[in-house]
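Novice: Since each chain sits alone in its own frame, please combine them into the complex, following the hints.
Each chain, written out:
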Amino acid sequence: MYPLEAKNLVKAYANHLALDNVSLKVPEQKIYGLLGPNGAGKTTLIRIINNITAPDSGSILWQGRPLQSSDIANIGYMPEERGLYKKMKVGEQALYLARLKGLSKNDAKIRLKYWFEKFDITSWSDKKLEELSKGMQQKIQFIITVLHEPKLLIFDEPFSGFDPVNAQLLKEEILFLRDKGATVLFSTHNMSSVEEICDEISLINKSKVVLEGNVGQIRQQYAKGVYRLVANESRLTEQTGKNYDILSQTIQDNKIHLRLQKKTGIKTGTLLKELSEQFDIRSFEEEIPSMNDIFIQTVQQ
Amino acid sequence: MSKIGLIIGREYLTRVKKKTFIILTILTPILLAALIAVPLLLSYVKSSEVKSIAVSDASGIYFNRLKNSEQYHFIPAKESFDTYKQKAKDDQGIYACLVINGNLNTDSSAQVSLYSREQIEMELKSFVSSQLENLVRDDKINSYNIPGLKQIIEESNPGISLNTIKWDKNGDEKESSSELAMIIGLICTTVIYIFIFAYGAMVMNGVIEEKSNRIVEVIVSSVKPFDLMMGKIIGIALVGLTQVLLWIVLIGGIIGITSLAMKDSVSPEKMEQISMEMIDQQGIHPSNISAIQASGMPGATNSEMESTDRAGNIIKMISNINIGEIGFWFILYFLGGYLLYASLFAAVGSAIDNQEDSAQFTMPLTIVVLFALYAGMYSASNPNGPLAMWCSMIPFTSPIVMMVRLPFGVPLWQLLVSFGLLVITFMLTTKIASKIYRTGILMYGKKPSYKELWKWLTYKN
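For the record, the sequence lines run as chains A and B.
Under the numbering used here, the first residue of the first sequence is numbered 4, with each subsequent residue one higher.
Under the numbering used here, the first residue of the second sequence is numbered 921, with each subsequent residue one higher.
These are computed hints drawn from the structure, not numbers from a lab.
Virtual Cβ for every residue (Gly too), placed ideally from N, Cα, C.
Possibly wrong hints are sitting among the right ones.
Distance ranges between label pairs, derived from CB positions [what the hints assert, rightly or not]:
#: 1; chain 1: B; residue 1: I1243; chain 2: A; residue 2: A15; range: 28 to 36 Å
#: 2; chain 1: A; residue 1: K131; chain 2: B; residue 2: Q1275; range: 18 to 26 Å
#: 3; chain 1: B; residue 1: T940; chain 2: A; residue 2: G219; range: 35 to 43 Å
#: 4; chain 1: B; residue 1: I950; chain 2: A; residue 2: A15; range: 54 to 62 Å
#: 5; chain 1: B; residue 1: I1177; chain 2: A; residue 2: S126; range: 32 to 40 Å
#: 6; chain 1: B; residue 1: L1161; chain 2: A; residue 2: K131; range: 25 to 33 Å
#: 7; chain 1: A; residue 1: S163; chain 2: B; residue 2: L1161; range: 39 to 47 Å
Just chain B, with the same shape it has in the complex (with noise of 0.2 Å):
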């Protein structure tokens, strides 16, 4: 046991001290940090510059009714379209000329067009055709004169919020967010995912450095290549978790310190709008989870914006979700995916003798993870669907789709199952892939096949 011990203390010591941990561990989240910071500056500052946007308006009866906005601000043409052209060479000047040659509800040939210089940004094509749409159609319903039309139009379009309650065992409603759980169930998926894979290459690529050092030969003269196996398994267990926890620590500090330093310069309701329209638009993509994890949510907890009402249904709705049952669940499972796939990954490492020959043997096993992570994405919206079900209880993809379904909540039998289920199948790989393990560091030169993988499982030594 105490041998074990010291291989496990050497595979975490030589790991963690390496420089290029360090370095990752703490680069990482402020990297994450600026791709979140970067962009939220950027939108920041863009608003203190003004572009003009001349108007030659023929109709004449739009472009008083132009509201400017902090960024654009609309002026009337005072000279021609010709003298503009000719502006826009020497890159001078204004930025965009807006030209409307007629009345564009009762002149049929009449246009609306937007010149530039530049690539018209689409913020403001966007500000303007709203603009003239309801313009266009404020003078469209006054062409009925029906009075009180324009109210009534607007009283038949009245946009319903709907509210998402849950009910717990007691009977007690909780209000809930879909799209909160859909969130934290991606990133934990994502996570078990990225770990699985990074840490599973470590102890392979561990494997094969001891098998192609030919120090293994020397180490397992004194230990059972089982102890050794393990050893380096739960080693590198460690370190992953370390830097997990080094993640998590950081990434609040920064948090902390950028909403502290945000609190002044940015508004509560603009921080709020921004990590909405993120995870709008970025919601399902599992490269930005984390992004958001870092931006969105956590910036939404902060006590500043406790002052708008939709920032504290935020914080309701988070508290609603059992995050201590979700993070006691997310370890076992993190655990138990990362060894059922350490010890296989251990296997393939020791069957080989360079990273080259890897794919051949990784293949099956990269095929079963990405197969995880998709099922695990489609699962995120219908969590309780056949798919996800089964998915959450073959142990070879549960610790990945499973993460989806918990926050949603999953029956605690259903759980129970696909834990157990999990343990037996790590236990039983751990058990195949030792058996490969100790005849496969032995064995230098050709390349096995797979067949020959099926006869080592049956040495007896």
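Excised from the complex, chain A in its bound form (with noise of 0.2 Å):
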């Protein structure tokens, strides 16, 4: 049983459809990235989740069972467009957002104790919003999206904003909390924290969902018999082989480095025994697709 699942959710804006027969089962404990361009419909789908607008037909299932609005209690939500009350004190509206997530005075104090020590933001506390940082602002953003200790965790565009060091904090962060038992859904521009951190990706363009699954095995589908390889060579090679044919090489540091399209339906094995023979083998690998180019091949399809 997934934690959440969304079945054939269709939403039609004025003058366009926003999301066209969206479905996508989020497993538990896991980091699940939603990937798109923009106004593919990811913040649609972001808030059909989190019950602020209905879907025109299709459900939300919530441990297998419809998503009642009792159920947002255990949803941390942290929108692209960060927002906050400006001249309110921060620790007065981290108080405020946590008990409309249904926490107690005590509990929320208590937790957010926690938090602000943990980022060394005790001294915060007393602070209007506007005479922050917008780091730290973000940093506070954060911390009410997860005071309450949701059970599923939506970020959407967590990363920009941040300078590196707290991106890398929020990165370890949302690990963190994955490790705990939180299931996190978060959608992203940055591809690169998508193979760092994902388990599993649902890539959604222009309304519909065009490719879902473990972030590893569709790394690997979209290989395409490309190798790399380097050898003990000073010359460039005129080699050709039975398996495999060159895509380019280049010497350096009396090394050779080339780039083979091995052919199809050949075994590895027999491409690194031909290679073998030929070459002196000092390194051998095949060249997987990052995500940045899986991204833009599937978008530009």
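Specialist: Pasting the structure below:
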């Protein structure tokens, strides 16, 4: 059973279809990436999951049953456009928003203290939000999102606006929360972070899910039988192989760097055997496409 | 439900704790009191300064009969007109120079002129002209040589004071004052009018703030948009009630203190006269109604004034106007009118990204509310006419117009129909507004057209 499931979601706005029969399954205690270019429908999907808007048809299942408004206490949501009350004190508004999520005043205070101490920002509690720097505001926003210890965390573009140090901190916190039992759904454009932390992804393009599954498997699936070979050789080679074609070659420091296209239907072992007879191999690896390449390739299709 | 409570709490506390709210709430009654007290004090202080008027009377028949007042003393002109003119340049001596160059009855070329180095005060002008008019009239009457003619004329000019008495349902007579009813009605109308606008705008700005802060998305992931909107509307209504209550307390306190302080220095008659004058001059003007409330009427209820008949009458008249009933309906219409407009203002706030864009959508609201205010003003002189009747029934104008009619007495069925319609309408507008609101708060960028607003109403979410 999946903690969160979207089934055949359709949502139309005045002039366009935002979601066209979108389904996805978010597995327990995994980090699930929601990818897609701007305007693909990610934010609409996230808003539907958050019960902010309702789909025209289709449903959201929470632990196997339809999502109810009481379930939103189990969801923590950090929107892409961060926002808090500028003129309100940091501590006060964190408390207010936590209580809106259904936390009691005392619980909220205790947890707030924990997180403020963890991030070493206890002294900010009495400051108005507008007095803080943008990075500090982002930290507060993160704390508010996770304060009520939701089972499902939704981050819309979590890394936008963070400096590298804070982005790293955030990444670690997200992984930490997952290990503690939370399921994380996050949408992003940042493909390197997808490779780093996502377990599963869905790629949405033009209102449809065009690609989904485990990150490693997807990348493997997109591998086209291209290999990189480094061998001891000081001159360009004129070799041709039975099992491969040379795509490109360069010489660096008395070593030859080759990109090879394996011929269809050939096993990697056969290829390697042929190559080892021809070259003094230093290294040999398959070229696996990055998520970035897959993203661009899929979206441009 | 507890979440709505949280929202109401936040909306209320953040506004009430604001320095500007506290300062404005405390300063407004003080400023109002100053607005009343300063002219009152000045008019009192003024009389201690005596101004001399030199009279050059060529006919010789008027000077001796001119009477001095506290403020103006007539003295015979000892020097030539040119000397006075010269003196005027030195800014010394007499205040004005009155020149009468002949018998005003017999000499057709005779003229009266008043010279001064300053602009002649209205008060002096009317003081002099009324005295001279009386003298000339007396001379004219005497010139007919009819014995007792003056007395006959005076007796034929009796002057009537018209008592207005209202019959209530049981046929009992009640002494009423239509002026007083009008003033009370206009005060209530103006308060509701100001409240709808000021607090409606506060709701709108609150919504815009949340929208432009983008916090709204965080909040509506926890609570329903409808709860957020209603929490804001109710929280701000409480802020308004708090302010009105504080003002009543503060104004009451100020009146109490000043009337104690003035007891010795200003005679009740004078205070009475001043307040009645102010009512005569300014009664219809909305901006001064609260001023009158602060000075005139409660001042007249001061126990010090019971000694005079007129003040006694006013107290009787006030007690004949049913304050309890008016207060009851005032609060109901106050809340009904506020809720009706506040939800619409919230919808406007949700549709736009910043305050500059608000004009297009607040304009229709402004026109309706302004129309209601003017309808109320005109209804004051004819509280049972068709304009007053219809406008006190139509929900968008009824909170404002009904207030004018209330002190004159409105049949219960009309009140019930009017208020029933108001309740139905505000539930309807709240529903419509919440539909626009929940779509609007998540829409950024382009300012929507009315056509798009209409589409939002039909969205399923």
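Novice: Next, verify each hint and record whether it holds.
Specialist: We went through each hint and held it up to the structure:
1. I1243/B to A15/A: 28 to 36 Å: 58 Å, violated
2. K131/A to Q1275/B: 18 to 26 Å: Since K131/A and Q1275/B have Cβ atoms about 21 Å apart, the given range 18 to 26 Å holds.
3. T940/B to G219/A: 35 to 43 Å: 59 Å, violated
4. I950/B to A15/A: 54 to 62 Å: Since I950/B and A15/A have Cβ atoms about 58 Å apart, the given range 54 to 62 Å holds.
5. I1177/B to S126/A: 32 to 40 Å: Violated: the Cβ-Cβ distance is about 46 Å, outside 32 to 40 Å.
6. L1161/B to K131/A: 25 to 33 Å: Distance hint for L1161/B, K131/A holds at roughly 27 Å.
7. S163/A to L1161/B: 39 to 47 Å: Distance hint for S163/A, L1161/B holds at roughly 43 Å.
Violated hints, listed in ascending order, are 1, 3, 5; each of the other numbered hints is respected by the structure.
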